[in-house]
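2 protein chains.
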Amino acid sequence: MSPADRRAAIIDAALAVARRKGLAATTVRDVALEMGTSSGLIHHYFDSMDEVLAAAFELIAAEDLAETEQMLAGGDPIAVLAGFLRSYGPVGDDWAFQLWLDAWAEAARRPVLRATSGRLNLAWANLLERAIRAGIDDGVFRCDDPTGAAWRILSLVDGLALQVVAHRTIVDRADMLAWASLAAERELGLEPGTLATA
Amino acid sequence: MSPADRRAAIIDAALAVARRKGLAATTVRDVALEMGTSSGLIHHYFDSMDEVLAAAFELIAAEDLAETEQMLAGGDPIAVLAGFLRSYGPVGDDWAFQLWLDAWAEAARRPVLRATSGRLNLAWANLLERAIRAGIDDGVFRCDDPTGAAWRILSLVDGLALQVVAHRTIVDRADMLAWASLAAERELGLEPGTLATA
DNA sequence: CCTGTTATTGGACATGTGCGCAATACCGGC
DNA sequence: GCCGGTATTGCGCACATGTCCAATAACAGG
Numbered sequence: 001m002s003p004a005d006r007r008a009a010i011i012d013a014a015l016a017v018a019r020r021k022g023l024a025a026t027t028v029r030d031v032a033l034e035m036g037t038s039s040g041l042i043h044h045y046f047d048s049m050d051e052v053l054a055a056a057f058e059l060i061a062a063e064d065l066a067e068t069e070q071m072l073a074g075g076d077p078i079a080v081l082a083g084f085l086r087s088y089g090p091v092g093d094d095w096a097f098q099l100w101l102d103a104w105a106e107a108a109r110r111p112v113l114r115a116t117s118g119r120l121n122l123a124w125a126n127l128l129e130r131a132i133r134a135g136i137d138d139g140v141f142r143c144d145d146p147t148g149a150a151w152r153i154l155s156l157v158d159g160l161a162l163q164v165v166a167h168r169t170i171v172d173r174a175d176m177l178a179w180a181s182l183a184a185e186r187e188l189g190l191e192p193g194t195l196a197t198a
Numbered sequence: 001m002s003p004a005d006r007r008a009a010i011i012d013a014a015l016a017v018a019r020r021k022g023l024a025a026t027t028v029r030d031v032a033l034e035m036g037t038s039s040g041l042i043h044h045y046f047d048s049m050d051e052v053l054a055a056a057f058e059l060i061a062a063e064d065l066a067e068t069e070q071m072l073a074g075g076d077p078i079a080v081l082a083g084f085l086r087s088y089g090p091v092g093d094d095w096a097f098q099l100w101l102d103a104w105a106e107a108a109r110r111p112v113l114r115a116t117s118g119r120l121n122l123a124w125a126n127l128l129e130r131a132i133r134a135g136i137d138d139g140v141f142r143c144d145d146p147t148g149a150a151w152r153i154l155s156l157v158d159g160l161a162l163q164v165v166a167h168r169t170i171v172d173r174a175d176m177l178a179w180a181s182l183a184a185e186r187e188l189g190l191e192p193g194t195l196a197t198a
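One line per chain: the protein sequences are U and R, in this order. FYI, the working numbering numbers position 121 of the first sequence as 121, with every residue one higher than the one before it. FYI, the working numbering numbers position 109 of the second sequence as 109, with every residue one higher than the one before it.
Because the hints were derived from the structure by calculation, they are not lab data. Treat each hint with caution, since some may be false.
Copies of the same chain are indistinguishable here, so a pair counts whether it falls within one copy or spans any two.
[To be verified] Pairs of lysine to any residue residues, derived as SDA-like cross-links and limited to a Cα-Cα distance of at most 25 angstroms, are as follows: (1) K21 to E191; (2) K21 to T147; (3) K21 to R86; (4) K21 to E129; (5) K21 to L41; (6) K21 to H167; (7) K21 to M1.
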């Protein structure tokens, strides 16, 4: 296996584990097991585990962003937004959102992480704002503050997803979807239920 | 030292460490060192480290809750809600909200902390819901889903505060207050600006 | 003063962590 | 087919963590 491929494979494996257990709980041995190799190999390609985790976080962030970018790219604004809301938050046994909780908590203490996490959050807000503007141009949405609306929708969804992931019982995924849809419909001048049933 | 005092001392020491290193990185030995005692002593008063952290978190969170409870107790519903929104945002050093971020992230790994954090979050939502219902009874608010409205307002404020505390630059306190006020006004059928200028 | 209870110590134990290293497997160039 | 370097292994080391426990100190009640 070529060095570049091996590095990529290590990062991929780290990413897979991190999605399952959270960044903080991802160990060298976990990653090695995921790849089906030895743990020493990882230190042959990375100076420290920190570097592996940093690379994995970058990749996850970029992947999520690209995925969302594609989702928000085109088509019927209502379907697009409904898809966005549905895709957010924990799907099945996937605890990818735990990554964000870890990142937000650690951001204050780790400048590099803060920069990455901040950049990504901003990118998400911008993405959402563009989708909203597209809907306005199409005459489907009605909204006189797309920037604020994007941040409000994003923050609401973050706050709700946080409850679902951190506490598991208090708020469930159905509540989250229903409440986020309702709020988005109000933000964008849609009839109640438009997003929820789309 | 009396048992109650000792427990309090342990919790205080745990908080001091958590403030410096974060909840996740707070260890038994750290806390013992902070107190200038042995680590075994901590397990004499607490069954597990999880409980120590939960108790430390609860001390701050419950204090905040009690304060807010008093604030939401009576008076003009609009002034009360405006005060709530104003008080929520991170003030000054925003160390209390950082504790919430730590707790949410750690909740997945520490059952007792998760229970405590969940319980307190639920208490906040209930508090807000009661304030909303009071405003409805007074004929000041108009809202046909007080429970959902409470969760939406709370989650939005959490999501916004999170941006302020974790990333510092992207969203500032003024944005947060303006956006949260606007959303709350819509939820409760108020004229735009009612809460922001109250 | 003795005595039993509790507070407190200090360290052992099992487990898990990142990391380093000698040994081996593999593979391209002669 | 040999050989030099690299990829890879498997294990061991040093350290950190939560938990537990026997030994000791402190102290209140008789």
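Hint by hint, here is what the structure shows:
1. In the homo-oligomer, the alpha carbons of K21 and E191 never lie at most 25 angstroms apart, since the shortest distance is 39 angstroms inside one protomer and 46 angstroms across protomers.
2. For the identical chains of this complex, K21 and T147 are neighbours neither inside a copy (34 angstroms) nor across copies (32 angstroms), given an alpha-carbon limit of 25 angstroms.
3. Taking the shortest Cα distances, K21 and R86 sit within 25 angstroms of each other inside one copy (22 angstroms), while across copies they are farther apart (36 angstroms).
4. Within a single copy, K21 and E129 get their C-alpha atoms no closer than 31 angstroms, and across copies no closer than 34 angstroms, so neither meets the 25 angstroms cut-off.
5. With identical chains, the CA atoms of K21 and L41 are at most 25 angstroms apart within one copy only, with a shortest distance of 22 angstroms there and 31 angstroms across copies.
6. Within a single copy, K21 and H167 get their C-alpha atoms as close as 16 angstroms, and across copies as close as 23 angstroms, so both meet the 25 angstroms cut-off.
7. When the C-alpha separation of K21 and M1 is checked against a cutoff of 25 angstroms, the pair qualifies neither within a copy, at 27 angstroms, nor between copies, at 40 angstroms.
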